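A.B. asks: As a plain string of letters, each chain reads:
Number of protein chains: 2
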Amino acid sequence: MKLSQFFLPTLKEVPSEAQVISHRLMLRAGMIHQTSSGIYAWLPLGFRVLKKIENIITREQDKIGAQKVILPTLQSADLWRKSGRYEGYGKEMLRIKDRHDRDLLYSPTAEEVVTDIFQSHIKSYKQLPQVLYQIHWKFRDEIRPRFGVMRGREFLMKDAYSFDLDFESSKKTYESMYEAYLRTFKAMGLTAIPVKADTGPIGGDLSHEFQVMAPTGESTIYYDAAFETMKDEDRTFANMSKLYSAADEMHNFETCPIQGDQLKSSRGIEIGHIFQFGTKYSEPLGAQVMGPDGKMVMVEMGSYGIGVGRLVAAIIEAHHDDAGIKWPTSVTPFDLGLLNLKQGDAAVDSLAMELYEVFNTMGLDVLYDDRDERAGTKFADMDLIGLPLQVIVGSKAISDGRFEVKNRSTGERFLLSKDELIKFVTDAYNTCC
Amino acid sequence: MKLSQFFLPTLKEVPSEAQVISHRLMLRAGMIHQTSSGIYAWLPLGFRVLKKIENIITREQDKIGAQKVILPTLQSADLWRKSGRYEGYGKEMLRIKDRHDRDLLYSPTAEEVVTDIFQSHIKSYKQLPQVLYQIHWKFRDEIRPRFGVMRGREFLMKDAYSFDLDFESSKKTYESMYEAYLRTFKAMGLTAIPVKADTGPIGGDLSHEFQVMAPTGESTIYYDAAFETMKDEDRTFANMSKLYSAADEMHNFETCPIQGDQLKSSRGIEIGHIFQFGTKYSEPLGAQVMGPDGKMVMVEMGSYGIGVGRLVAAIIEAHHDDAGIKWPTSVTPFDLGLLNLKQGDAAVDSLAMELYEVFNTMGLDVLYDDRDERAGTKFADMDLIGLPLQVIVGSKAISDGRFEVKNRSTGERFLLSKDELIKFVTDAYNTCC
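Heads up: the sequence lines are chains A and B, in that order. First residue of the first sequence: 59, per the working numbering; consecutive thereafter. First residue of the second sequence: 59, per the working numbering; consecutive thereafter.
Just so you know, not all the hints are guaranteed correct.
Each pair may be met inside one copy or between any two copies, as identical chains are not told apart.
Claimed, not checked - Derived DSS-like pairs (lysine-lysine); straight-line CA-CA distance at most 30 Å:
id, residue 1, residue 2
1, K230, K60
2, K196, K140
3, K300, K184
4, K140, K353
5, K184, K149
6, K353, K155
7, K244, K289
8, K289, K140
9, K60, K229
10, K110, K121
11, K70, K126
12, K454, K481
13, K140, K126
14, K300, K140
15, K400, K184
16, K109, K184
17, K181, K400
18, K322, K126
19, K60, K353
20, K70, K184
21, K254, K230
22, K230, K121
23, K300, K322
24, K70, K181
25, K181, K229
26, K181, K60
27, K70, K400
Worth flagging that the hints you see were computed from the coordinates, not collected in a lab. Since we're looking at a predicted model, the values are computed, not measured.
From just these sequences and the hints, can you work out the full model?
C.D. replies: Right under this line is the structure:
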């Protein structure tokens, strides 16, 4: 993609309304545009990151056998009356009347609808377990939307729903989702700490929040240092749920089982929440199947959310510096930035275009800054939008055939010949996730 | 994917509420589930087709330089008041009040929002042309939703918006979109005829509808036989817009410039609509840029829609028989179906599993019918859901090492050894789109 044609409205000034770093950087990098209070359009750069995150989530959900669907954003109030949540949900639920004066609502979550679909079609224990999920827009009419996409009103969420024959099987599904969440966040360059949580308005028996460690997080969490050092293959529910972790308001230094260096703390951002809630929805909505003994059984359910838009913000909170964003390679909107410092100089233009073609042919997504701008502007914009590698083509490339490459994350710079450069880039993208 | 674990609620009976074939087949094949009048959930099989179609559209939009974004479903009424459409749109527009009593609406289209985003950020002719598009849910409160997803209330649409400096450049953008549409529909196994159209509520100067030929279409179109025989490389705007085509109500046998065998007719389903409307939205919303001469110019715009969910129905209308759907390979939910006719027989099970692994390793999406069901049920379900190839593993596979393969579209059957089978499948998927 050539930057001269790309819709990338970067801002030099820090927008005054943005209080947290991710919000400021997302506005400055031209990733999002606010259209109403708490409602954002995702512009091309932001959309690309959102899509990368969706793909990672989809891969990990598919791996554990979850099946993707898409549920309506507008749902009938009647279903929600059955579960008792229509009245209980409060003003965060956006209630709507259609032209025939029927009550609809904009889905803030989808337990009711998916349970109703399940009960219409699944009648036998032989078809269990089932996990259905979607990545779709939700609406919660927050009284005071803030922090950009971190607490918006219209937001993208992954929500999964599980149906099992009995408690034991439901617990196994819960555990496999817990482990999938850890893999999902890790693949995005995030360390996530699962914290036992209250079940809140969703209700139920067992619940974990996943907190991403970021210095600018909203709350403090305390946790066992083993969370950080544990090997990937050991990150099972059995191992991890034994370790201590607690949110600020639950932590008590007196009674905490771990002490000293073993006890760590960090600011955290909640990016996922999982629930096992038994028959809370299957009972009122009549989701029962015939069991092996011929008797009807209410199915045991769970639900599992990830804030997809919020993840974009969380990744930025965890990966940035004063100059801008530093994307992990797995979620970067482009693999590398190519900067032409002498736009209009025929020799430099032709060399830069040649590299652009080479990188494209290698299957890389390249953002080529071919604008007629000062070098300083190009450097600043490229640092701001945070692509992992910057390849700089200037007069040095002509005079002694060398290109500067900058690693955005480490700040390291290399001066490479064309062959070395191609090898460097190849290695960087073969060895990464 | 093993069918025993797949959420595929096929129906034997024809649902009485469904009047058109695609609606009946989508319900019977377990692709969709109605949750309210004109509102559907897309179940796993349907979702897979939707995603394939999205990917083809995305590829062709990206090719012409359109940039993907995602715009909010809920939009502020104020923007729509500026363009004059808030009052004019009528009851099809779903009007909503949020908790602070502000007027919102559920986007039925997005000219206003995208024009406002454009004018906030693009200030110079140097940044033109720009084409932004999204694939996202819309809502139109149809008084009488019908024909399933063909005329639903909440529906998935590709909508693109173009911004050019002048009429000539805008016309070029329009033409490249017109050609992209032809490639898009062709890649899905559809012959689309562009028909000059009224501009209707979107307004403007130039407009084409794209009609898919299907015997069950809603309206009749008349067109030049050359549309069908023209080579792909000749399918340019310049060539095609010269040919005669007209909707029923516009066609007049007396004045029609073509006659006899050259004049063909077919039922048609509208699956796309493109508009060039000049400054209709840029003027009220103030979308102007500085031109090369330093003067401010209102940008020339167009918008370009494709009904994504409706395309699923249109493909089925064009590709089915009495037994069910016949998916074109480019949009099939799975590449092939593997039928085990002796589920529970250890030798057959192990052979079927071996093939399942082989096909998966080849990178194919396989639906393996491992259910404990009669052969008749398996054949009927597989014909109904319409995967292009069926590979049948039964006692013949054990007794003389031969597998039956059925081409769903042609009905041809082949009896092949394992090696021949693998070669056959490899060839089928290498030579296809």
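A.B. asks: So which of those numbered hints doesn't the model satisfy?
C.D. replies: 3, 5, 6, 8, 14 and 18
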